[in-house]
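S.K.: So you can see what is in the structure, the chains are spelled out below.
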Amino acid sequence: MSIHWLVILPILLPLSGAVFGLLLRKFARLQFSLSLAAMLVALASSVGLLIYTFNESPVVVQIGRWPAPAGITLVGDLLSAFMVVMSQTVLTTGLLYAVACRDKCVHYPAFYPLFLILATGLTGSFLTGDLFNLFVFAELMVISGSLLTASADDRYGVEAAYKYFYISLLASVFLLLACGALYASYGTLNIADLARRIQTSPNLPLTQISMVLLLAFFMVKSAVVPFHFWQPDFHAASPTAVSAMLSSVIVKLGIYGFLRMTSLLFLEQAGLIRAALIVLGCVGVLLGGFSAIGANHLKRMLAYSTIGQIGFILVGIGWGTPLSLTAALVFAFNHSLIKSAMLMLAGAMASRAAVKSAAFNILEGIGKASPLAGGLFLIGGIALAGIPPTNGFISKLVLFKSGLEVQAFAALALIGAASALSLVYVLRAFMQIWWKMPTSGVKTKPDGDRLIAPALLLGGCVALGLWSEPLIGLSMQIVNWMAEPGRYIQAVFGG
Amino acid sequence: MNLWLIAPLSLLLIGILLALAAARRKIAAVRLAWMLAVWPAAAFACLAWLTAANANNSPLTLSYAWLPSLNLSFSLYLDGLSALFALLITGIGSLVTIYSGYYFEKDDSSWRFQSYLLTFMAAMLGLVLAGDVITLFIFWEGTSLTSFLLIAYKTSDEEARRGAFKALFITGGGGIAMLAGLLFIGITVGDMGYASILSGGDVLRNHPFYPAMLGLIAFGAFTKSAQAPAHIWLPQAMTAPTPASAFLHSATMVKAGVYLLARLNPALGFTDLWFWLLSLFGLATMITGAYLGFKQNDLKALLAYSTISQLGALVALIGQDTEIAFKALVISILAHALYKSALFLTAGIVDHETGSRDLRRLGGLARAMPFTATAATISGLSMSGLPPLFGFLAKETQLATSVHPGLPPILNVLFPLVVVAAGALLLGQGGLFVYDVFFKRPADPKHPVRGHEPRWGMWLAPMIPAIISLAVGVLPEPEFLASFLAHSAAASYGSKVKVSLALWSGVNIPLFLSAIAVSTGSLLFIQRKRIRPVLQAFLPQFSFNHLYDATLRGGDALARQFTRLQNGHLRFYLSIMLVALGIILWLFQAIPFDFLTMQPASSLLSVDGLALLRVFTLSMAGLSAFTTIFLRRDLFAILALSVSGLAVAVWIALEPAPDVALVQIVVDLLATVILVLSLTRLPRLQREKAREFTYRQSRPGLLRDGLIALGSGLLVALLVYISLQTRPHESLLAPYFAQNAKPLAGAKDIVGAILVDFRGFDTFFEIVVFASAGLGIHMLLHYAARKAGDHEDPEPTPGPLKQHPVTGVAGLPTSPLLHLLAYALLPLAFLLAVVQLMYGHDQPGDGFTAGVFISLAIGSWYVIFGYQATKQRLPWLRSGYLIAYGLLLALINGLLGAWFGSGFMAPLNYGQMLNLPLPQGFYLSNAFIFEVAICLAVLGGATYILDNLGRPRELNLESDALLQAIQEEPTTQMESETT
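These protein sequence lines are chains A and B, in that order.
Residue numbers 11 to 505, in this note's numbering, belong to the letters of the first sequence in order.
Residue numbers 915 to 1893, in this note's numbering, belong to the letters of the second sequence in order.
Hint data in this document are derived by calculation from the structure and do not stem from the laboratory.
Quick caveat: nothing in here was measured; it's all calculated off a predicted structure.
Where is the CB? At the ideal position from N, CA and C, for every residue including glycine.
Mixed in with the good hints, there may be bad ones.
To be verified - What the simulated footprint calls covered on chain A by chain B, stretch by stretch (three residues with Cβ under 8 Å from a Cβ of chain B suffice, anywhere in the stretch; the number is not a length):
{"#": "1", "region": "158 to 165"}
{"#": "2", "region": "173 to 179"}
{"#": "3", "region": "237 to 243"}
{"#": "4", "region": "248 to 256"}
{"#": "5", "region": "435 to 446"}
Between the sequences and the hints, there should be enough to build the whole structure, so can you do that?
M.R.: Here you go:
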């Protein structure tokens, strides 16, 4: 068996799961089992890819054996393999939550297929080595994400999906324009080829514009201020299983994009991009933190928190030192686990309420009967606030350390103050839901098995908090790999 | 390396696990407490043994590479200073554990308290045993967190929750600053371990950022150790159960900041900044705490403020950096821990047995509780600093420090003054606690507070520290204790410290000051009935709590402003995004304004015979697009948009790019049909509302939107213009495509080859996008919308449906001629599709257009025959399966490429491979199969959309059944079992 399958399978397996899921639309149990199996095998193969790229070399596949700039290239290097493993881990638990959550929308025959298509889109976006192909995969995510949201149980689902769809569409337009301008300037869409050509002539008339457009596309995907508006409105209404994915792993597409832009595509202008990322990251950290405090809805609060947390990662990328990039990667990974678990817990609590909603006034005191969920929420909460013994602390530790090494005191002071904000909103939410007396004897429904998926994720958070040497070591390797863009180009073109 | 160092922590871990294991078992609280107290006691023994066995007093260490890539380890460190704290923690911890058993005797969930308490104990022990600043910080946060849980132990109490939040907010905020400071010093000396940090003092003190490091660390330490003005959390933390207060908020956790400062003294101390910072904050805290404490009526509040006062004293002592100060430090730490924990525990007994902690109600309890009263009296007198108790010694050494000759002016007056004043106030408080609770006659003799002695285990806990307080003072000087304390002080001071525990050190200034303090204190106590009301009336509102509340309120107000930004209007969001893009473009100076001076490329100006047609189509496209803005009826706007699309198609055809033009035409048609069909689903009222909303715009709003639209349009135009100007005259890829389309992909049509061969992977996932849209719309309209109660028919159909067996859309009858047309259209579409599929590789046309052709023909059937009749006549049309089969075929086709060819989606020509006799120009290649797959998937997706939009509302049997099933689901086994 050719090693190429390690890159192709993580994309094709979820898609096959979706296709067979459609064929089995009449058999709900079987459909779910098959979807889960597809995701698990895909995860296994992406882990295989990560191990292989870590030990050997990146895996490059020219689809249809058309040589590099002519055809479409898939590149599984350390960075993309890392991102794929992270995403598919969370996506798998997302499936587990979906089957346990007993929302109505997961019973619709197209739910799991669309969910897997979402997974396909995300995986493909990370693995593709072609800018236009990235556009296609991004579209895949947008269409499946917004339609899954539109069919949510929440009555505002359609509205949320509508906003998400239009904002994403605008982002896609940005990307498409960037593709066009780059193709017009450099005559290629292959990322490695583009990198090579931009390096030799970095100041063509359209280079800067396309760079900004590309930047804007990734900023929308990662909910970077001021492109963040879809995030809070979206999460209040989206089905939990879907919103947990969008706020945790799908927002990492932008992070991946920024890393690629600064380390591979636009080396000449990387300093400018980094400066912009620091500024926007700091703004995001403040805006996200304060808005989360002001939110009156648990899921909205978590969505704002994502905006803030993305800000932390941006600052890490912006500092641009090996250690700060490591911090950004570690932060991104940890945040994916934490945020998806927190959103699942929010969904689980909302499902317990008499009226299904995650608004704080409805959730007040509802956790009294569910101490286990409370314990999990507290763990996730302190992880968000960066308190040991959780992986959130490790993220903050590495980030602070890297910031001190570059002596970026202003940004550090700001993100330090913002971590205090996260402590405030997390604690308030916790106390309101688990410690307050329930208002007027609400009848709560049981948790069921909704807590399995978040428990798994939070178990991972604690485990990583206690020992995250592998994660940090791996991230450092990735940063080393990114430091030499020539090797990426060489891997794609050979020789 | 000394592996035994891990033993005390492991012992506590066993205790925690046991406490958790007791969760589901009904074990009497007292018995559980004794079972659990064994473990801290064992840890105490272990630590005592380790310390005693360590003859040469060099620090014991243990280190394990925790995160080697960051050069961080998990390390433990036991020297005199940590041993002092560790022994206090485990020793008092054992007593408090036992005590808690009695305190929670009637409470089934005492395991919960005990597990919190033991977890805290482990964290605290880890904090003082840590061998590097990161390990220290991890345990530090652990203590904050467990303290949070303990303060709000009575979770339903509003005050308790506020207290817990306040404590964690202040200490957690301090913790963040401290982490930065600790990392900073670690980075500066190159290692996080104490060994490097303590020996790197000179590097640190001379570092340009020394003030920042010190400030950050001091901030963390001050918040934790309740230094003014961050002390406000400690009084409110008294909502914790008393055993927790006794342990956390007097003896251990609040001393963590003191410990850290003492620990880092050799590295950061001995500077003016250190001296002034610690002295001023310490003295301010000392006097604030003592003053406020004397006003209190609540026993626990009184003790909390006196604790704050003593913490201030300890901080001020560390700041002095003299030998005598460190002697005073260790003695004060020990003395305070002994008397304060005992006092808290007796306060807990009083509260537990009488139900009151109010000084104004209590009185005369000595007779009823002799043992408790004894413990309280000894400890209270120790707090008051009276001989022959340990507290006297502590106060004497503090006074001795305060008058040492090295002090700068002002401070050499201020320091003794504060110590004397605080000593006097503390004496008054000791008197209040001892006399007013146990000996004074009750305030209200008719309803005296009644109580009786608790069970022996409960009073034993305060009795033991009380006896030690007495013993140290009365017994001949215990040599081992003095040398132990000397080592502790030396570890903190950095060089040798002489410690003697003799109470009598001759007639000197400290003794004189002590006499002043005692006499003033006695006066305060005797006149308490007059003085306390005056104090209570003086500035009763003044408190740093107002600052805290104002900070939170300000934060909340700011937060509300921020959330207001998220106003829910998509128009606003999109505008901001576009404007932001413009600003970034401007800031990056990304727009090449020199295009204005460029000579237009010749290709743009070339005029040929088709120029007129081009101008016509272009103005057609532009004008009709422009009209959509002004056409208020949605249907007309859609039609205008469609015209615009068709005009673009003509333009493309003139380019000449017939393939693309064809796709553009069918896409345009399909989009129009879908849009028009979806209009039929919208209730008329809603459409009117939408129209009204769209056109209700203020003038400035219109101007703003117009400008943004204009800007966006200009940007795109600019992009295209410059692209055409500057694109390489020879494309890099075109020659390759042109060369290889025929020989490698077997296609004369380059566009076809790009679509299904060179970039087939794109096409593959594009059809997945298309199919997903179909699937999603089906899911939305078929299930989700119905579930949401979207049942009404938007426009009532005239007359019953059943009258005409074949009725067109909206139930209108259709003529036989139209039927004939429809019958002819479908086979024609099929024929066209097949031709396209077979010869698409050489001629314009492909699987996508083939699929759309068939879908459009089927769409016409829906219009002409109506929904039901179409469904009856086309039983094979099952869109969901069509999508699935299409995608499956594409997948298998790709895999076949890997099986027979060189890789996934590699080109193959089966016709050639099998030597099949095939018509000229038709290749049975996997490109052909791919085209078929595309056609199937597109057909499925398009008909799914048409089907769902064209469906009358009554016919949702499938979704009805499913929705019903879902509705019933919540009452299946699992739910009913647990409710």
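S.K.: What hints, given by number in increasing order, does this structure fail?
M.R.: 4
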